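There are 2 protein chains.
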Amino acid sequence: MNTDSLANTPEPPYYAVIFTSKRTDVGSGYAEMAARMMALASRQPGFLGVETSHDDQIGITASYWKDEKSIHAWKEQADHQEAQRLGKENWYEDYFIRVAKVERAVELTAEAV
Amino acid sequence: MNTDSLANTPEPPYYAVIFTSKRTDVGSGYAEMAARMMALASRQPGFLGVETSHDDQIGITASYWKDEKSIHAWKEQADHQEAQRLGKENWYEDYFIRVAKVERAVELTAEAV
Numbered sequence: 212m213n214t215d216s217l218a219n220t221p222e223p224p225y226y227a228v229i230f231t232s233k234r235t236d237v238g239s240g241y242a243e244m245a246a247r248m249m250a251l252a253s254r255q256p257g258f259l260g261v262e263t264s265h266d267d268q269i270g271i272t273a274s275y276w277k278d279e280k281s282i283h284a285w286k287e288q289a290d291h292q293e294a295q296r297l298g299k300e301n302w303y304e305d306y307f308i309r310v311a312k313v314e315r316a317v318e319l320t321a322e323a324v
Numbered sequence: 212m213n214t215d216s217l218a219n220t221p222e223p224p225y226y227a228v229i230f231t232s233k234r235t236d237v238g239s240g241y242a243e244m245a246a247r248m249m250a251l252a253s254r255q256p257g258f259l260g261v262e263t264s265h266d267d268q269i270g271i272t273a274s275y276w277k278d279e280k281s282i283h284a285w286k287e288q289a290d291h292q293e294a295q296r297l298g299k300e301n302w303y304e305d306y307f308i309r310v311a312k313v314e315r316a317v318e319l320t321a322e323a324v
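Residue numbers (the working numbering), protein chains in the order written: chain S, 212 to 324; chain D, 212 to 324.
So here's chain S without its partners, still in its complex pose (with noise of 0.2 Å):
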């Protein structure tokens, strides 16, 4: 699971699941319990992608799906539902969850969005 680059999307339509989060002041299992959920994500039917990034104020966890059925079965996923409730209860202050279908994308080199 490499979280230090960017996901290789394949062309658009496909859906993100934006998550933007303010952490608590509770650090204590955080990192362990990130790392597992973003390799547990990526063995997901229909992930297509991850891109995460933590800096002392907010947290935005990027991740890519095939459609709307394979956003669903994720959350729903056992480990996952354990993680959010200890999420809740513990690491943050504040979160946003946005499902978005993607309509369009550039990387470097193109021109225009």
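Each hint can be trusted.
Copies of one chain are not kept apart here, so a pair can be met inside one copy or by any two copies together.
Computed list of lysine-lysine pairs in DSS-like fashion (alpha-carbon distance at most 27 Å, straight line):
#1 Lys280 x Lys312
#2 Lys286 x Lys299
#3 Lys312 x Lys277
#4 Lys312 x Lys233
#5 Lys299 x Lys233
#6 Lys280 x Lys299
#7 Lys312 x Lys286
No wet-lab data here; the hints were simulated from the structure.
Here the structure is a predicted model, which means the values were calculated and not measured.
Guided by the hints, dock chain D onto chain S, whose structure is given.
Positioned in the frame of chain S, the structure of chain D alone reads:
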């Protein structure tokens, strides 16, 4: 321009621009330009909010917009065009820009995506 909190976006639908980048080793001028562009974007018509996170490897900025027209206008804005040119030349080893229509969103206390 508050960049250490999450974006209080309205109810979907609206649009997201997911800008993910892998930086070069060139740091000069980057932070100032990034701050200037965030401030400038926030004054554009149709701007709904922005969230950004940068770590050693990856930067992710998710900006939210009322519609595709406002995204297009921001892309064409003159100072932003110059920033895009400098970014390609100096600061970004690789980047993706993904334009996506946000269909659903939940905040912390909600039970389901």
